[in-house]
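Visitor: With the hints as extra help, turn the sequences into a complete structure.
As a plain string of letters, each chain reads:
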Amino acid sequence: MRWIALTVALLALALPGIASAQSNEACLACHKAEGMKVVFPGGGELSATIDPGRFEKSVHSSFTCTTCHTEHKDYPHPGLKAATARGYSALAQQICAGCHPGPAAQYEGSVHGQALRKGVPDVPTCSSCHTAHAVVRPKTAAFRNETPETCGNCHADAAVMGRYGLRPVFQSYAEEFHGVTTRLYRLVTPMSPSPAAVCYDCHAAHDTKSAKDPTSPVSRQNILTTCRNCHKEAGRFFATAWNEHQPPSLRHSPLVYLVQVFYFFLIWGTVLILVALAGLDLRYWARLRWGGRRS
Amino acid sequence: MSDRNSHQIERFSFAQRAEHLVLLVTFNVLMLTGLPQKYSTTGWGEGLIYLLGGIDQTRFIHRTFAVILMLHGLYHLAVVTATRRRPIRRHEMSLRISDLRDMVGDMKFLAGWSEERPAFGRFDYRQKFEYLAVLWGTVILVVTGLAMWFPSLVTQWLPGVLIPAARAAHGGEAILALFAVIIWHFYNAHFRPDVFPMDPAMFTGKITLERMHHEHPLEYEHLRRHGLLPPSEGGAGDTPAGR
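The listed protein sequences derive, respectively, from chains A and B. The first sequence begins at 28 in our numbering and counts up one residue at a time. The second sequence begins at 4 in our numbering and counts up one residue at a time.
No lab work stands behind these hints, which were simulated from the structure alone. The reader is advised that the hints may include incorrect statements.
[What the hints assert, rightly or not] Where chain B lies over chain A, by a calculated footprint (3+ residues, C-beta under 8 Å):
no., stretch
1, 185-192
2, 284-292
[Said to hold, decoys possible] Pairwise CB distance ranges, derived in the manner of DEER restraints:
no., chain 1, residue 1, chain 2, residue 2, range
3, A, Pro217, B, Val146, 33 to 43 Å
4, A, Leu309, B, Arg66, 31 to 41 Å
5, A, Pro128, B, Ile71, 50 to 60 Å
6, B, Gln159, A, Ser89, 33 to 43 Å
7, A, Ser276, B, Val146, 21 to 31 Å
8, A, Ala185, B, Ile71, 41 to 51 Å
9, B, Thr86, A, Ile300, 26 to 36 Å
10, B, Arg20, A, Leu293, 46 to 56 Å
11, B, Phe17, A, Arg194, 55 to 65 Å
12, A, Thr252, B, Arg66, 26 to 36 Å
13, B, Ile71, A, Ala313, 49 to 59 Å
14, A, Arg247, B, Phe17, 56 to 66 Å
15, A, Ala185, B, Phe199, 46 to 56 Å
16, B, Arg66, A, Asp240, 35 to 45 Å
[What the hints assert, rightly or not] Not close to chain B: a few residues of chain A, all C-beta gaps over 10 Å, as computed:
no., residue
17, Ala56
18, Met63
19, Pro68
20, Ile77
21, Ser89
22, Pro128
23, Val138
24, Gln141
25, Gly146
26, Ser154
27, Ala169
28, Val245
29, Thr297
30, Gly318
Think of the CB as a built atom: it goes at the ideal place given N, C-alpha and C, for glycine as much as any other residue.
Guide: Below you can see the structure in the form of structure tokens.
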């Protein structure tokens, strides 16, 4: 009797998987075709092509398509609820929020969530960072080490940032100690999570706030506490090492800038003098060897 | 008269040659592990860090050899202090007005404006400049390197901006040292026509009497007066060369 019960239990466990595989196959029969897209009447388009290989590697691979796309059980599908691609992404966040209420609530209060409600077109939604169909576990080394590039999709772009009075910060981060370490971890040891701070370690992942917001972890009042999350022994002046993602100039970190200028002239001045000295010496040897007006 | 071209006289003691070897090894390892960190965005920088086993290992090797360099520096300062009153074979590295005069005179001679070459002592102005550059460069690199290694400690007392400033200075000083070695040291110890392909004195510890007389006439005279040269050189004593 026991083995019958076991078989039933195993079948019960396996069946949803089989069922989902079958139903996903039905969807993929159409949606794996290359170049499928939804064009929104109010502007924008979204790809409707699903790469089954990528989806199977995602953290949601055990889901059926209709777990999220509940209204698309039947064909033909119901009409579009959103007028624009952006509107669709915003609506899709409610699907994520169904299972992930915590991060969703944090996002609502973040600088990104607030801007989304004001209709700012460039604001990231869940899928901007996590993708829609290739979602990976955010605790993986790969996701952590890719974070600067994920945020950099917008925060490296001077044109996008300029629209909101912001500076692109990615390039400066990439040259900082944290950025160098993180990039090298990604390139050389991609399976190890970078021990150096990535964007969300200081700015928080879902409740990101403007650095000018006093409640932000990187505001003037809070930044030293934030540094001490990792740099436990950080001295009281530690945070003043911080260059605010600004390349050094006379206005920002003038000391660093002056050191750079000093070494630029020192290095090239020294090179010139040493080459001249070696040249002068060689001239002497050449005259000794091949003669000249004076020997 | 003995053959001055084959008679060798000690120029560097075993301990001094060992110091040079330590400096040679640490310099190369520190450059090999430091430059790819400075230029980590380049293909070769990434490749080197990959070969070294990642950034953690690269930093570990860099800091290990930095500690060796620091210990060597302390040893060197101790030796210089301990031997500063020795009559013979002193370090004689401090710059004097005469060195500047020598430099100007040597420039004139090399340029062909003067027939007479200045007479140099145990170390000529080029060797003194190079030595002092190594000394000063090591101090800068050690101080800035330690600041980057222990930023939490430094910022207990000092403004934080010193940390990124130290990082800029560390990289600048390293490039300066690299160029100084590649251009100046390599020229004088390797590519100069009379020593090409390599001046062996720093490894054998010896140079010929002829060369000492030619390149370091003041030291030659000094040794001769103290009877440290063979009697054929007209020295006061008959002790063997070098002692």
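Visitor: Would you mind marking each hint as holding or not holding in the structure?
Guide: Checked hints:
Beta-carbon proximity to chain B at under 8 Å applies to 0 residues in the stretch 185-192 of chain A; the threshold of 3 is not reached and the given coverage is violated. For a cut-off of 8 Å, the count of residues in the stretch 284-292 of chain A with a CB near a CB of chain B stands at 5, and the three-residue condition holds. Against the hinted window of 33 to 43 Å, the Cβ-Cβ separation of Pro217(A) and Val146(B) comes to about 35 Å, which satisfies the hint. Judged by the Cβ atoms, the range 31 to 41 Å given for Leu309(A) and Arg66(B) holds: they are separated by roughly 39 Å.
Between Pro128(A) and Ile71(B) the beta carbons are some 56 Å apart, a value that agrees with the proposed interval 50 to 60 Å. At about 52 Å, the CB distance of Gln159(B) to Ser89(A) disagrees with the hint of 33 to 43 Å. As the Cβ distance of Ser276(A) to Val146(B) is approximately 25 Å, the hint placing it in 21 to 31 Å holds. A beta carbon spacing of about 45 Å between Ala185(A) and Ile71(B) agrees with the range 41 to 51 Å that was offered as a hint.
Distance hint check: the CB atoms of Thr86(B) and Ile300(A) are about 32 Å apart, consistent with the given range 26 to 36 Å. Evaluation of the 46 to 56 Å hint for Arg20(B) and Leu293(A) yields a failure: the beta carbon distance comes to about 31 Å. Distance hint check: the CB atoms of Phe17(B) and Arg194(A) are about 59 Å apart, consistent with the given range 55 to 65 Å. Look at Thr252(A) against Arg66(B): about 28 Å separates their beta carbons, and that is inside 26 to 36 Å.
Checked against the hint of 49 to 59 Å, the pair Ile71(B) and Ala313(A) fails, with Cβ atoms roughly 41 Å apart. Separated by about 59 Å at the C-beta atoms, Arg247(A) and Phe17(B) satisfy the suggested range of 56 to 66 Å. Ala185(A) and Phe199(B) have their C-beta atoms about 53 Å apart, which keeps the hinted 46 to 56 Å range intact. The beta-carbon spacing between Arg66(B) and Asp240(A), approximately 38 Å, falls within the hinted interval of 35 to 45 Å.
At roughly 44 Å, the least C-beta separation between Ala56(A) and chain B is larger than 10 Å, which holds for a residue marked as non-interface. At roughly 38 Å from the closest C-beta of chain B, the C-beta of Met63(A) stays outside 10 Å, upholding its exclusion from the interface. Residue-level check passed: Pro68(A) sits 44 Å from the nearest beta carbon of chain B, beyond 10 Å. Distance check on Ile77(A): its Cβ is at least 34 Å (rounded) from any Cβ of chain B, clearing the 10 Å threshold; non-interface status holds.
A cut-off of 10 Å between C-beta atoms confirms that Ser89(A) is not in contact with chain B; the least separation is 34 Å. The beta carbon of Pro128(A) sits about 38 Å from the closest Cβ of chain B, which is more than 10 Å, so the claim that it is off the interface holds. Under the 10 Å C-beta cut-off, the non-interface status given to Val138(A) relative to chain B holds; the minimum distance is some 26 Å. With a closest Cβ-Cβ approach of about 32 Å to chain B, Gln141(A) is found to remain outside the 10 Å limit, as its non-interface label requires.
Non-interface call for Gly146(A) relative to chain B: holds, since the shortest CB-CB distance, roughly 38 Å, exceeds 10 Å. With a least CB separation of 30 Å from chain B, Ser154(A) remains clear of the 10 Å interface cut-off, as annotated. Remark: the non-interface label on Ala169(A) is consistent with the geometry, its nearest Cβ contact in chain B lying 16 Å away (cut-off 10 Å). Distance check on Val245(A): its Cβ is at least 15 Å (rounded) from any Cβ of chain B, clearing the 10 Å threshold; non-interface status holds.
The beta carbon of Thr297(A) is not kept farther than 10 Å from every beta carbon of chain B, the shortest such distance being approximately 6 Å. Gly318(A), annotated as away from the interface, keeps every beta carbon of chain B farther than 10 Å; the closest lies near 12 Å.
When each numbered hint is compared with the structure, violations occur for hints 1, 6, 10, 13, 29.
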